[in-house]
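Here is what each chain is made of, one letter per residue.
Protein chains: 2
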Amino acid sequence: MFTFSLVLALAIPNCLGIWPIPRSLDSGNQILKLSESFAITVGFTNPPQDLLDAVSRTKDSIKTDQLARLVVGRGSTDSNAFRTAESLPGLTVKLEEGASTQPIATEAVAALGLRDESYSLSVSLNGSAELVANTTLGLLRGLSTFEQLWYTYNGTIYTTYAPLTIVNDSPAYPYRGFMLDTARNFFTVSDIKRTLDTMYLVKINVLHWHMTDAQSWPIQIPEFPELAQAGAYSISQSYAPDDIQDVVMYAAERGIDVLVEIDTPGHTSIVGASHPDYVACYLLDWATYASEPPAGQLRLADPAVANFTAGVLSAIAKTLPSTMFSTGGDELNTACYTDDEPTQMILNNTGRTIFEALDDFTATTHGALHDLGKTTVVWEEMVLDYNTTTLRNDTIVMVWVSSEDAAAVVQQGYRIVHAPSNYFYLDCGAGEWISNDPTGNSWCDPFKTWQESYTFDPLENITSDQVHLVLGGEQLLWTEQSGPQNLDSIVWPRAAVSSEIFWTGATLPDGFDRVGNLSEALPRLHDVRYRMVQRGINAINLQPEWCALRPQACDE
Amino acid sequence: MFTFSLVLALAIPNCLGIWPIPRSLDSGNQILKLSESFAITVGFTNPPQDLLDAVSRTKDSIKTDQLARLVVGRGSTDSNAFRTAESLPGLTVKLEEGASTQPIATEAVAALGLRDESYSLSVSLNGSAELVANTTLGLLRGLSTFEQLWYTYNGTIYTTYAPLTIVNDSPAYPYRGFMLDTARNFFTVSDIKRTLDTMYLVKINVLHWHMTDAQSWPIQIPEFPELAQAGAYSISQSYAPDDIQDVVMYAAERGIDVLVEIDTPGHTSIVGASHPDYVACYLLDWATYASEPPAGQLRLADPAVANFTAGVLSAIAKTLPSTMFSTGGDELNTACYTDDEPTQMILNNTGRTIFEALDDFTATTHGALHDLGKTTVVWEEMVLDYNTTTLRNDTIVMVWVSSEDAAAVVQQGYRIVHAPSNYFYLDCGAGEWISNDPTGNSWCDPFKTWQESYTFDPLENITSDQVHLVLGGEQLLWTEQSGPQNLDSIVWPRAAVSSEIFWTGATLPDGFDRVGNLSEALPRLHDVRYRMVQRGINAINLQPEWCALRPQACDE
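Protein chains in written order, with full-length UniProt numbering: chain A, 1 to 556; chain B, 1 to 556.
Simulated from the structure, these hints should not be mistaken for lab results. Because the structure is a prediction, the values reported are computed rather than measured. Idealized CB from N, CA, C, for every residue including glycine. This list has only true hints and no planted wrong ones.
Anything over 12 Å on all C-beta distances counts as not near chain B; from chain A, calculated:
id, residue
1, R57
2, T334
3, T364
4, H370
Rough simulated footprint, nothing fancy, chain A against chain B, three-plus residues with beta-carbon under 8 Å:
id, region
5, 423-437
6, 443-457
7, 472-483
8, 517-531
I would like the entire structure built from these sequences, with the hints used as guidance.
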């Protein structure tokens, strides 16, 4: 028995606490205490306020996390070394010579290709530490790494990973997202901010905010007040313009870009509550005309509807700093248009098919967004099913139906974001929510475990000359069966999985394959999950605590 | 469209708010306001303090629930009637002539057959209301019904169900439980109390507390302090004797009996942390010797171990008021004993098989509990697989492997509690937690939806002369992948389903079959779920709010 335990102890990786794991990492296993007067010094002039704020949050988190190390005894054996261990008096934060000192919030919303998130971090055994980057955004990434080094036992804050050197850690992919649907059920600004805090911790850098859907329209738009008045569940369940700016700024200061999606022309039934003339098959039998209740799609063939939609999208988009904006475009129900008299009349009069009309609709809505300097984002059907010909080459396409569809989209030369339902949908496995079906499972059953998600390979069936088209990926929460009550527990720690896939890439710092290395990953995922809990996030247990304290003992 | 909505409105049942629905119910659809000076008067002398406390809690809840009615507009149309509606100045709470005035806490822990939970409640349109019962426990049940009548719009508290008459509502089955496993992951006393509050709301009357398991021993027993010292995840993650008394009394005052289970002789690996000599195959390969890690089972053939176990069980049982105590008895791994030298030596020396030894072990442990006046409770394998011959006739058997096993247990004359994994396990569907299996599903996949659970028939394959052996049932949370973080959301509102199955029985108050009536049940389940949320419980959304506001609109 004792031999068995000893073997396990030796096999414990040396970097349990860091998620996502840096691409380069050299770490020891010595104990270094945090000095009680520990300070973080910004070593350059005119640092932007949001960097100073981030530094201040890091310092606070290190002191308030109070995470006991995940070993039997929770650190009691570490304490033997406290008397002789060195103390770390401070961390110096620096920019490379001549680097710009733009705010984090500015760097975070730059176009994907223009962001520099790289950083280097060293913590020496004799008690000095330095974080260096080319940008304030890179420094922020380094701070989130630094925060994860620290444990607390009996009041002493310490790391067991000293000395530690990370040279030029930087993400394998520029887009590492999380999608939240705020339309099926409503989430408060506070719910979203809490989620952004945790996204920061694991270096997720895009909040894909699926704002509206068939069931509700929770955003107040000054130019179109009727949409929220008739379409929000209530005014208190809607986002005022100030709320949206608050979320966007809070995100940007944490290195997170907010990609807003207004899903069109499908998933728009609720527009009928204020504009019934603009919506086909409004509240008709959903089983015939929609993938879920309620039915209703924008009458896309009508130029008045296209102009209205372009106006709505522009009214929101112009208030947002992101270079990206999503117009959705998934799950169009063609029967709805076939049976809609006004639509058929227009199509007949103009001699177009419904998909030709969609092309015109898209030209109008995307044109308005391009005029605002936005890069448009769409779901995969726009490319694979509707043969939309007016999409600009720089359109970003989200692949959701199946991971197997990625290659076909890339083949057409579009950039993609991986959002595959068969790996990354966080809501799968909770059963059928259509109420009178006692035996139904969720359409994307089963539940996507962290293990299943972790095995996702972003480059499967992608040729080497197409690799540059893969921007990254995101895990997604559709909220038919979710709300603020289970937000934390259904999202965390699972949504951190894609952050490691797209930050660390295919190779661990020791040169071994990351993919498939579940036994190495799990202790680190436990660690960051327990840290989330210390921060008040209701992240779920992945295993009995017995297993969390004994790496590999609960492997098969 | 408008015609469609009107049809829906007429089809809305008249008693949306009550869960479980009373067995007799006559209700109107008039609005009655709660007077601002509303009072609850106890109309008999010497009421026990715990009834007064319950009355006080009910009065508070009615004022603090502030639940807006689940209709489009959330009650705005009700407010038109507020000016002319009558006000209810008070509720009178009475016992029947000559009834005993024992405390609720005493009635709640009586033997199952001796509890009287019946009550009658009337609320008249002219503003009077009366609750009558034979026992304080019955009054408590009536209070939980009364609490569910009230909504709030713009500061006015009101019901839409007046006049209302419930005559002699009483449960179809005496055992309506919920099981919580506090061993795989730890729950605080506060987590348990929060759960008890919600159990009270839906008339669940047994907390089956699965205290210990292979992974941890979170209970401090003064006579055996070493068990928690070595076996709790930490001392702060264990229950002191006072904690247990606190939970038991809190439960009893809310009409809930606490059935403690110490699972033996399997699921006891953690006993090896303090008593390695008492545990076979301790920490050996779990895939061979246990259904999940870690391996280890009590050396049941050893009389010293049987006596030790009887001592441990008695030490806990003697502190508990319940008439029931569970010794577990599930999932014995026979290979563990076959390969265990000390066990084989004893079996050879005494000329017994392992199951004959189990019989002796059970005689010892159950005997000790019977001496304390306890009725023993076991899992189904003790009857169906191990052919235990020493079980007393009054043993209560929990059927968990499959609902199909119920008939075979009843056939042997034992009383049963339905706890079928295929209907009532709340943890199913969250994937395999053994860490290095990327494609594994949970063993009891899929997720048990409320609809699936609701279709459970307690009398399937039970003959009429066996009906008296069916005590009721419970939904269960095994916590390998759960903890305080998702307790509310994985349990509620789903665990309320069995409370209606076993309170209301097979027939709705209007005479229609309850089973299969999902469309009628869902609006009421939404209602009680939204009420739970108002009480600070993180009960999950069952559907988009759009559906919750529009009964039947999201049926197929």
